[in-house]
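Participant: From first to last, the protein sequence lines stand for chains V and W.
Mind the numbering: the first sequence is residues 1 to 67 in my numbering, read in order.
Mind the numbering: the second sequence is residues 1 to 201 in my numbering, read in order.
In case anyone wonders, no lab produced these hints; they're calculated from the structure.
Beta carbons: idealized from backbone N, C-alpha and C, even for Gly.
Certain hints may be false.
To be verified - Quick partial rundown of chain W residues pointing at chain V, CB under 10 angstroms, derived from the structure:
hint	residue
1	L23
2	F109
3	Q123
4	I151
5	L155
Claimed, not checked - Only pairs whose alpha carbons sit at most 27 angstroms apart, straight line, appear in this in silico DSSO-like list of lysine-lysine:
hint	chain 1	residue 1	chain 2	residue 2
6	W	K193	W	K2
7	W	K150	W	K194
8	V	K36	W	K150
9	V	K36	W	K92
10	W	K193	W	K125
11	W	K71	V	K26
12	W	K125	V	K36
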Amino acid sequence: MKILLNNREELFDKERMTVSEMLELKKFSFRMRIIKINGVLIPRDNYDSVAISDGDVVQMLYLMSGG
Amino acid sequence: MKFSEIKAHLGKFRIGIAGAGGLGSNCAVALARSGVGTLVISDFDTVEPANLNRQYFFTNQVGKLKTIALKENISRINPDTVVIAHAEKLDKQNIPVIFEGCDILVEAFDSDLMKEILIETVQIKMPGIPLIIGSGLAGWGNNSTIQCRKIDDTLYVCGDESTVADADLPPMAPRVGIVANMQANMVIEILMKKRLEYFQE
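Just chain V, same shape as in the assembly (with noise of 0.2 angstroms):
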């Protein structure tokens, strides 16, 4: 499947996966996050539920501490 992650297309070897399955496999390790994906943000609870498809847009950003 080809996914479009922060405006790149990125492959993945699957026909579906999990949010986590996406970070597990980018190897994306730093917990503070945002997803979003096709334009609806992803509670982190719903992680391990909810599916990326081919086609779909999603959008990642890091939440750092300070301010």
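Once you've looked at the hints, dock chain W against the given chain V.
Facilitator: Positioned in the frame of chain V, the structure of chain W alone reads:
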């Protein structure tokens, strides 16, 4: 466009600011100077001496609630800006209540956990309201790493998205001020676009 016209337009809007620390106090002052009509500011903390390295408060305000101190300071800068102060800790339940009716929200927390709670709550419970967050501003230097990135029409992120504030990399006035003013600048950009749309209709 003359500043008087810009100010008259910005005066029609209500902006919510979640947090009155380094980001919130500086962003609020920039928006008040620009003529934004109403600021809804929420923070439960009091001013501490350590805050004065970056936050828009004065030594004689130490010990005061930040919301009250900021309201005083804004009234001395632009008395036309109405400040609605809430000295409560924000949570998933009260965020949509406190910021009801705001045209745009600014995330101005220090803690990454609070940033997450605010973003999740606003994006899910207040759909369509633009939210401008700050992420990555610790330390000094590295001007060119700070930017404003549009995720979509409801989410913008200002900051370097990489530095984490801690004891050895503290948040300091210049970089915090840059990000706070960048957030204010984004608010004004969105509001001024509304003016253009209004005249095009």
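Participant: Check each numbered hint from earlier against the structure, then list the numbers of those it violates in ascending order.
Facilitator: 11
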